[in-house]
Amino acid sequence: MDLVQTEIPEGFTRSAGGGHTEEYYLNMGPQHPSTHGVLRLMVRLDGETVKEIVPHIGYIHRSIEKMAESQSLIQNIHLTDRLDYLSCHMTNLGLCLAIEQGADVGVPERAEYIRIIVCELQRIQSHLLWWGCFAMDLGALTAFLYGFDEREKITDLFEELCGARLTMNYFRPGGCVSDLPNEFIPRILKICEHMKTTLDEYDNLVSKNMIIRERTQGVGILSKERALSHGCTGPVARASGINYDVRKDEPYGIYNRFDFDVPLGATGDCYDRYTVRIEEMRQSIRILEQACKDLPDGDFRSKEKPNYKIPKDEHSFSSVETARGNFSTYVVSDGGKTPYRIKYRSPNFSHIGAINDMASGYKLADLVTVLATLDPVIPDIDR
Amino acid sequence: MEATLTTDILFYLFSAAILGCGLMAVTVKNLLHSAIALMGCLFGTAGLFLLLDHEFVALMQILVYIGGVVIFIIYAVLLTTHLGTRYLPASTLKYISGVTLAAIVLGLVLHIDPQATHTAVNPDRTATTIDAIGYRLLDGSTNGFLIPFEVISVLLLSAMIGAATIAKHQKPGATNDEDETGGSAS
Amino acid sequence: MDTSTHQPVQQSVAERLDPHTATTPLGDWVRELCDAPDGGNLLSMTINVIIIIIAICAFSSLTAMVLVWMERKLAGRFQRRLGPTRTGPFGLLQTAADGLKLFLKEGFRPNASDPFTYYLAPLLPLTGAFMVLAVIPFGPSMWIADPELGLIFISAIAGLGVLALLIGSWGSNNKYSLMGGLRAGAQAISYEVSLILCFLLIVLASGETNLLNIVEGQQGNFWNWWIIKLPGAGFIAFIFFIITSTAELNRTPFDTTEAESELTGGFHTEYSGIAFSMFFLAEYVHMFIAAAIGATLFLGGYNAPFEFLPDGWWWLMAKSYAIIFLYIWFRWTFPRLRIDQLMALEWKFLLPLSLINLVFAGILIAMGWIL
Amino acid sequence: MTTPDQHQDTPPQNRPQSRPQNMGAFTPEAQAEDTCTKPSFYAYFIKRPIVGAFSLLTGMGITLKTLCNVTSTVTQEYPENRDTLTMPPAFRGQVIMPHDEEGEHKCTACTLCEKACPNGTISVLPMKNIANKKVLGKYIYRFDQCTLCSLCVEACPFDAIRMGNDFEHATVDKDSLVMVLNEKEGRL
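Protein chains in written order, with the numbering used here: chain A, 292 to 674; chain B, 521 to 706; chain C, 599 to 969; chain D, 698 to 885.
Hints were generated in silico from the structure; no laboratory data involved.
One should not assume that every hint holds.
Stated by the list, open to error - A few chain C positions that, by computed beta-carbon distances, are all more than 12 angstroms from chain B:
1) G674
2) G681
3) G689
4) K699
5) N709
6) F714
7) G737
8) G748
9) W768
10) V801
11) L907
As the list claims (entries may be wrong) - In silico SDA-like pairs for lysine to any residue, Cα to Cα no more than 25 angstroms straight-line:
12) C:K773 x C:A710
13) A:K444 x D:A813
14) A:K628 x D:H866
15) D:K881 x D:V771
16) A:K628 x A:Y599
17) A:K357 x D:K881
18) A:K594 x D:A813
Quick reminder that beta carbons are idealized off the backbone N, C-alpha and C, glycines included.
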């Protein structure tokens, strides 16, 4: 077995070999159980200790940003579903906000509330999936299925709301496709109540579990400075102590009306990223309860136009907080039916870039933990 | 155990296994294969001990030599990048010294027991119980093995300390000393 | 290799023929057939060996089938699922179907692998399992071999299990496999120390290395079992036994060897078809063996919990399956430890505590403070 | 750019003591249980195993509770529950064209849906009727290209098409996924 490679592969700072033991390279992915899709991590290892990681992306690149240039603005919404498919309501909202800004479309009060409710439900749903996958990456398969079980209840709600379970395509410029179905609000409140007890159960099953704590505490530390320089956002940045949440700092929609906290971590290790997400679920429940209480009657969509056009040379920009971080949309128009260029800024790209900072120096198993706490969605990186 | 046709067959089977595996262990070029052959050889020896009603010695053979020594040899092969595939050619000098050594051992064996009865089993022998071994091992009189036992323990301890020192000594060049417990696995 | 197991058989059978064990119909038949009561002639030995091999094969495949079904069913119930339901009543035939699938699959060998070691490795774990099964006393008259040094035999053979993983992982020529194999080696060798210390405690307490004698020594009510009879020390040793045997079995939370989320399957990454099924089968037979040894040493083996109940193999089965339930429960609750934490657990906690426990038990026995 | 060697200057043990802020459920207990920085003998060898073992037992309690609670099973056995399985009305299965009793549909061949479709899934082939008016000839729907975004349904001003509730679309023949939705040509 020839494990030694003499030349340095692209991206590595040092060749394997040297030191008192021979280092070697290992390909994690593109087909690997813990890379959450087709991500390829090339790892330089000394025994089991990770020395350096070079992520390779682009294995499911579908050129969505290029496709966007040949589709009308409305048609583009269903493409944003396919970016971060676990928080597709939020990505839909990002594009809708940009269109509303450029084409000067107003949103009725009720639609704003519906958007908040749906987005926060989706945040819980996405974090539940992350919770399950995190536990599975650490070897606890039962927690994975518990997470999916709870997620299923929210997915069922979405199915009744917009007819789809994953690629929602629910928001439109000026509101939503349809109004909330009957008995929707009581059911959401019921799920909120249920989630509160469930989250306590999760604490007992996973958060307080000694093995989980041993595996996550002090592992994969991302310092505040490194997190900033990598452009990390969302729970990853907040776990490193960066108090940045688009919902608080640049509130879109009507987020400024709600009372919620932004959970912050102190050290930026895996356990902080874990607790930040768990706490975010609790905060989402808080927002949901307020939004459900205040939901006004009225239209769910302002007057529909067959085509939304952004005036020539108008640039519109929007930022939303997805379950993973800051998702920004930048639309440049040439006045035509289709946008001249759409640029999406996805949170996962920055997070994957920071993985070398987080995981090198730890064991191979810790790389899996770090990757699990980053919660990457690879299609979001490979646009 | 009484000498029967069964024991004769078993004796020749074990002997053939020992000789075959032993030959394989020294001739096979792949070091891992040779370690596996050594394992077969040791198993055969354990079988011979069983035929002689030395259950304890047979089991210790398996426990210490196969479960311990051979596994560590295999472990070393696994940890070393090229040992499995890079064939080490033996020089003529090595061949000569090897054959000479074998001849000397054979001569010694013949010298020690020229009047050996050469039966496969020892009919007079009763099975050794573990209490007997224990008493014998901890007996301080001339009949006992207390002093050799203690000497071996000290020797093993010093070997362990030495190994730990050597392992420690090489470390300064290495980068991470925090999780050294895992180092044994890597 | 097998012969070394059978050698003590003949001797012990001859020694241990007492009235109530001698009247088994099968044994009578063999004796009649050979017309040689000493059991030493070639024909009776051959027939005995064939019967033994068939019995062990049948038992281990049946055990593996039941255990796989049980694990899947329990895993389903632990996870709010149903588990297998479609194949046969309650999905009982699911394992058989899976086995059939594995047997029919293409045996695939990577091109750059080493054929000798690659094909040798899957054969070894089952061999070891069969050898250990031979010495477990299932009932007062139900055992294959009863060597004087049964416990030492078990520890000797148990140490060989890791050999297959080491050889197979190297032979696969895959970095993940090799890593899994190295982890397996380090893990098995380390945890064996604590495991043997647990055995040693029982040897110390009962003064026996013969498994049948150890079981006989625990006759009577359940407080005669070593887990209770040695106040405190027995229970602690039992817990250590459960932990170390879980590690020896490479089951969660100690399944760093397979670690599908890190090593994509570890040592058996490159195995498929029947070679993989050999590893798989051995894993479950080993699980039963570990549980049976635990039941024998600590829970009185085939002895009934109360004196007025009849002894028999069903008690050993019940106790073994209770321990197996524990293993399954662990697996479907816990996440996986990291390899260095695993080593730290053994060398920093289990080993010192086992030694202290052994000394403690020694004091208890010396002072006669046993129930 | 931090090289890996520099990175190791911050070993995992150098973990600040403070716990995440704003975390109601985690703050006090977690701080007390945090044993990562320079643990004392008591904290490392006595307290940690006991607290840890207790946490593991709590987890086992949760799984055991699930095991014993038969009603917690959420599995739906699909082909068996086919009769009772209903999809919500909004479910987006595939595009269908409702027909009335006489086999008439509402489509006017305005091709708005064709234009709304992002993937070119729909082809509306108009034809002239006797009165020389444009009516629907064939409404071709290529289900193999459809992303079920339901933009066509939103675009239709006459409610001539809608999303069906059928979800069993698996087929062995790709050609069967190209469908003609209208039963007969439009009359109007």
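Could you check the structure against the hints above and give me the numbers of any it violates, in ascending order?
6, 8, 9, 10, 13, 14, 15 and 17
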